[in-house]
Every structure is written in structure tokens, then in C-alpha cells.
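Protein chains in written order, with numbering that gives the first Met the number 0: chain A, 0 to 297; chain B, 0 to 259; chain C, 0 to 317.
Keep in mind that the hints were calculated from the coordinates and are not lab data. All values derive from a computational prediction rather than experimental measurement.
Which chain A residues face chain C? A few, computed with CB under 10 Å, are given here:
hint	residue
1	M135
2	L137
3	I246
4	I260
5	F267
A virtual CB, placed ideally from N, CA and C, is assigned to each residue, including glycine.
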Amino acid sequence: MADSARRPRLPAWLRRLLSSPTGLYGIAIVVILLAVGLLSLLWTPYDPAAADPYHRFQPPSAEHWLGTDTSGRDILSRLIVGARTTVIVAFLSAVVAAVVGTLFAVLGSLTHRLVREGITVIIDVLIAFPTVLMAMMLAAVFGGSTAVVIAAVGITYGVIMGRVARSELRRVAGSDYILAARASGVGPGRILLRHLLPNVAPIFIVQLSLAAGLATLAEAALSYLGYGAPPGVPSWGRMLSETQQYIAVQPLSVLWPGLVILFTVLGFNLLGDALRDATDPRLKGAARVRGTKRKVAA
Amino acid sequence: MTLQVEDLSIGFGDRTVVDGVSFEVADGQRVGIIGESGSGKSLTALAVLGLLPEDARLSGSIRFNDRELIGLADWRMANVRGRQIGIVFQEPRTALNPIRTIGRQLVEPLLIHRLIERRQAKATAIELAAAVRLPDPERIVRLYPHQVSGGQRQRVGIAIALACGPGLLIADEPTTALDVTIQAEIIALFDRLIRERGSSLVFITHDLAVLSQVSSDVIVMASGRIVERGTVRGLLDAPQHPVTAGLVQASVATSWEGRP
Amino acid sequence: MIRFVLTRLLLLVVGLALASILIFLTLRVLPGDVAQVIGGAQASPERVAAIRDDLGLDQPLPVQYADWIGGVLHLDLGSSLITGTSVGSELSQKAQVTAPLGALSLLFAVLIGAPLGFVTAVRHARASGMIVSGLAQTLAAVPIVWAGLLLIILFGVVLGWLPTQGFPRDGWDEPGRALRSLILPALTIGIIEGAVLLRFVRSAVLDALGEDYVRTAASKGLTRTEALVRHGLPNVALSIISILGIQIAGVVVGTVVIEQLFNLPGIGRMLVTDVGNRDLPKVQSELLLLTGVVLIVGFVVDLLHRLIDPRQRERADG
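Chain A extracted, bound-state conformation:
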């Protein structure tokens, strides 16, 4: 048909992703987050640092859509600016995790046997370090900052991703198709780039989305403990921890920072789930639609 020949076709997994409700929701959240983050650089309803002592703890109104906080600052504006930190933390953590994960995966599968064994032991040890403990350790040395959060999440999640990717790489590297390529003289670098990595990519992308969600949650927890962004940098995590002192005075103020974190993390998680479903080649057509992996006997 002439029509389909002219219109460019999206890759199959992308089409599937866009046709699932969870996938759309996830993409929407991530896009909104990015947009708000960018917006914050240009404009906010009010100056997020502008204190107004005469209008503290105002409930939501036409002027302040989400009300004001303990110093009279507009909550909505602060949330908008906080989104910037969340975007940076989430995306940079994912990048660091990807780099660390790839490193471990490649070193742990394609090298000399001694190196592989060594990497295995290192992975097992690093995996035992929960993100928060790793962050505390780094904070003890370097003081609290967003960099610490990013490093901690990136390393701990990168190790997890590395382990997953490594077993996948091992499996693929031993396949007949790769052996044939090597036998016909294709260089190792090319094999890595053109054949091995694309096989592992779908799993990686799913994990990256989940990493972004975890990073957001970690930022909240670590900011609460005092290891996250310093007071000058607005962050949802610190906004949340600041509300604790005032829960008796204005319980409503607890609601907003937590809600935005919830929706953001949910978005990342749903996106990750939808990506997993869209890229899993083992699901048959009908089972994929129903979202389960049951076999339907013919």
C-alpha cells in the first residue's frame, strides 16, 4: 500500500508502549516533570524565596493555589523550583547508574577469568550496601549535597543493573550467532557495539526508569536526614522534612511535597513496567494485551 510506504513506521516496541495506558501515563509524567523543571528557569507564579510573614500557612486560595508555608512563601512556586532538583537527581543518577552498570557488566562477562571472578566478588559486596548507608558514608566524608545523593544512588543501583546486564551479556555472548561473527573475523569492539549491547539495551532502559524512581525516593529520605541538597537549593525532599515541625499547626502542608513525589515516582515506575512489557519478546500477543504471561494452549 502506497500509504504505509510513505509514512515512517515507529519501532514495534515504541508502538506497543504508546498503546498501553500505563506507558502513556508514565511518559506523560516524565514529560510534565521535564517541562516544569525547564519552566522553573523562566518563570514561577511567585518568587519562591519571597517570605511574607503576614500570610503564613494560608490554605489554598485563588492567589496561592496550594497555599503558603511557614514563612508565607508560595508553595506552588517552591514545588515548581523543586522539580528542577528532582529532574537533575533522577536523570543524573540514571546516567551514573548506566555507566557503572555497563562497566560492571562488560568487565564481568567479557574479560579474563580472574577479572570476572574478582568483579563477581566486588559486585556481591557492593550490593550489600543499601543506598542510604552508602550516602551516609559519602556524606560523612564530603558533607551532604545533591552530588552525594546522585553518587550513592548511581553506584548502588548501577551495581544492581550491572549484575542483571552481566548475566544477560554472558548468555548472549555465548550464542551461536556471536560465535559465528567472531569466527568470520569481526573485531571485538564492533561485536560489542553492534551486536551485544543492543541485546542488553531493552533491559537496561527498563532499569534506568526504575532507577530514576528510586533516586527520587532516595533524595526525599536523604534530604530528611540532612544529607541532600543544602538549604539554598529547593528540593521536594527538604520541603517534606520541613513540614514535620508544623503538623499540629497546618497538617495540610504535609500533603503537597509528598503528593508530587508520589506521582513522579509512580510515573517512573509505570514507565519502567510498561517498557518491560513492551520489550519482552517472550510474551505472546494475547497474553501481552492482558498483561500476564500465561500460556494459552492452541
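Since chain A is already given, all that's left is putting chains B and C on it; use the hints.
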């Protein structure tokens, strides 16, 4: 031991996968159901035993010994399964529980239906293993499924299905996953055991050559419907439906002895 | 089999050693002079030198490490830089809060996650199953601090049923009061970890539902639920054991944040304070303890795994 299926339809969501299937199996009769994969033949078998997925919609009638099975409560159906109707599945690799010994899995139907006591279990397991000609039955009952071959696992499956002496045995592509060399042995085993017990048999397969060794009455299914019925001889000589013709061609092509 | 256990044990020891080295090295990479930081900006050079001597900071790194580890192996975890009290005695005191908190949290998590995970898997095609599953997914995205605050508002501020801060000074001499002050904290961790556990259990049971051998079991004369429980569950018990191992790591982390939120005098809060004070000896040993717990749990889970699965048992002999 009669089975009467009348106007059976099975659907998932808004798809109908089996449509208006009707056939009968008389006492001691052997009926073959043949068709390509996706023709709905396995689903029909699962429907008889009440083993379809939860979201399947059933309509029509399945009567076994004058008792309606569709709509029967699961616990009542459980009493029928194994005891009165047995089934052998296609894939021996996954049909057995990997963390239980073969012996335990062999006697389980007898224990469930209280046909033997616990203390008889070990001896009975060895008997069952011997009845399907498993090598070294005393040793094999202590092994786990992953420690024996595919052909041997399928023999275990057959022993399980026949353990309680059911009046009707359904075999869903029992030889499809096996080596060609083993297939003949398994078919011969089927033939002998069924004949010895006088059970009725429904044999499902896509291979007409295999079917011809077990039964003479055949139903042909395609896209969820029955498209032709007859005897093996009759179908081979004069297939009426294009699907049947295709199946005949396929069986001639693969048959080693150059039959028909 | 023995050989397998010994190998894993060796790996555990190596893992603990590596963890201790990692902790030690990271903490020594402090920019600036530790002794100066501790002494304060106004401290005299003699004072700073005395602190440095106290800490043994002039010794070469390997010697410092050996001192520490040597002490650990004799169950001497060092002393606080600030107060001089023994780390070991403080730890055992705070453990009286953290250990019951962790256990109670795990209990809540399992009570919430396991049965609901099973039910939502069996009813995955029906509305009730899908709703609960969606709820669990949402809960898993809730920041733990927020969950704690909301529970405090509900049960503390609004209803006033439960204490929301602190732990009785007499500790477990008054078991009733002590337990009541742990309920909200444990519930917070339990709900969040329970939601995570629910999704794992659901996934495992769904896998079991789709297994051929469960269908074979039903064909022998069991009801479909009986077949799932008797044949499917033991098989997925293996993956659930691994999941519980991960849960424990989550609980360990949870206690750090939660003790801060609910003002409980436990190991987690002590760690936070010590990091803030740059009290190196304490932080070192505390971190080693917490990571050690996670590593040991992992070791036990591994062992259970190989013991239960006959497919791996014979490989274990190799």
C-alpha cells in the same frame, strides 16, 4: 464411559476460539482429533476437564456418563479428574513438578482419590513405573524429573493419567515433543495399555500418520470448528476439506514407511 | 554439600573483609584534618596534636586498619571520639530499640504483603485483584517520610490513639508502653515494604499459576487452588525466600529514617548523629555492623536456596 460434547464454544474476551464443536465417544471407543496448532483441539480437551484459564467463557454441553460437566463446581470436577477422566499433556519437560520425586508424583492420584493407603505408596509407585516399562523402577521412583529423559518423563505422565483406571483417557499431542525414534515406543505403549483396560480414548495430534496407529475414527478441526469427520482410511483416500487435504499431504511427506 | 557451605562461608568472610576495607578507606579520605575538625576552629595546636595522637592518626593506614579490625575480631568495636564510651556497649543498648523495631516491621510487612500478594494473583483477572494491585503499586511509590508523617497525623494528631514520638526512658521495663511506641514506626515501614513484597509475591504466584505442572496436579484430582498451593507455592517459595532477604535490607534502611522521624533512640538515629559529629570510630563500626547484617542475611538466603531446590543440591556438591 461415554462422552458427549454438544455445540461447545469457548471464548476469551471478545474472541471465540472454539465454535460449535460436537462429537461423541462411546464406551471403549477411540476417537482422534486432528488439526494444526491453533485449531482449538487442545482447548477442547482442557474444557472437558475444567482446566481452562479463569477468564474463559464456555457454552454448550459436555456430558460424561450422563453428567453435565460445564458449570460444575471445581471441587466436584476435581473428583472426576484423574479418577474418571485422565489426561496426558504434550510437554514432558514442564508437566512434572521439578522438586518432587517421580515416585511421589506417580502415586499422588491414588492417594488423592483414596484408592490406596500411605504405607502402600512406595510399592505402588514401583508397580506403576514397571507398568509403563520404565527402566529400573526401584531406582527411578527416587529420582527427580530432571534426572530422566524426555521419553521417560512422558511415560511417567502416562502412568499418572492411568493410575486410577479412568474410563476415559485424553492424550493431548503426547508424542509431539519426543524424538521420532521414541514416538513409536510411546504409541505402542498407549495402544497396549488402553486395550488392556478397555478405556475410551481421545487422541489429539497434528500428525495423521501417528493417529492412524492408534485410532480409526477421526475428527478434523480448523479455526475452532470441526470441518470433517470420518475414518482414517476414508480421509486418506478422499479428503473433502482443504485442511484435511493439507494434513494428508503432510503426513505422507513425513511418514517413513511410505504409507498409506 | 559441606564443600558448598564452606565455600559460601569463605565468600562471606571475604565479603565482610572487603566491606570493612571499603568503609575504612572511604572514611579516611576526609578532606582536611580530622583532628582539627573535631577539636574545633579554636583548638590549640597541642590539643589538636593530642587528638591526633589519641586517634592514632599518625600511624600508617594499614596499621590503623589492623588496629580496628583486630579489635572487632575481639568484639571490641572501639570507643567514641566525643564521649569515650565503648561503641559496643552503646550498640547493645540501642539494639534494644532497633531489633524489636526491625522484627515488628518485618512482621507487618509479611502480614500485609504475603496474603494480599497471593490473593491478587489468583484474582488477577477480576476487578478486586486489579484494584488492590494498583493500590500496592501506588504505595510502593510513597516516600517513607511522608507515610510516617501521614500516619502520625492520623493516629497521633487526629485520633490520638498512639504515641508518635520517643521511647519510654525505662525501656522494656514497661513492655506495654515500649511496644506501643514502636507500633506506628513499625507500621510505617511495614506498609511500604509490604507493598513491595505484595508485588513480588503476586508476580511469583502468577508464575506458579501458569506452570504446566500445576495444571498436571489439578488433572490428578485436585481443585485448582489445591494444585496451586500444594505444587505451585513450594516452587515459588524459593524466589520468595530471596525476596525476604531483600526485604530485610529495606527494613535496615527504613529504621535509619524512621528512628529519626519518630525520635527513637536506636542504632539508626545514633548513626545519623555520629555521622554529623564525624565520630569516625563509631561510624566505622556501625556501618560495618549494618552491612554485616545484610551480608549474613544474604548468605543464609543463599544456603536455604540451595538446600531446598533439589536441582541445585547436586550441583552444590561440585
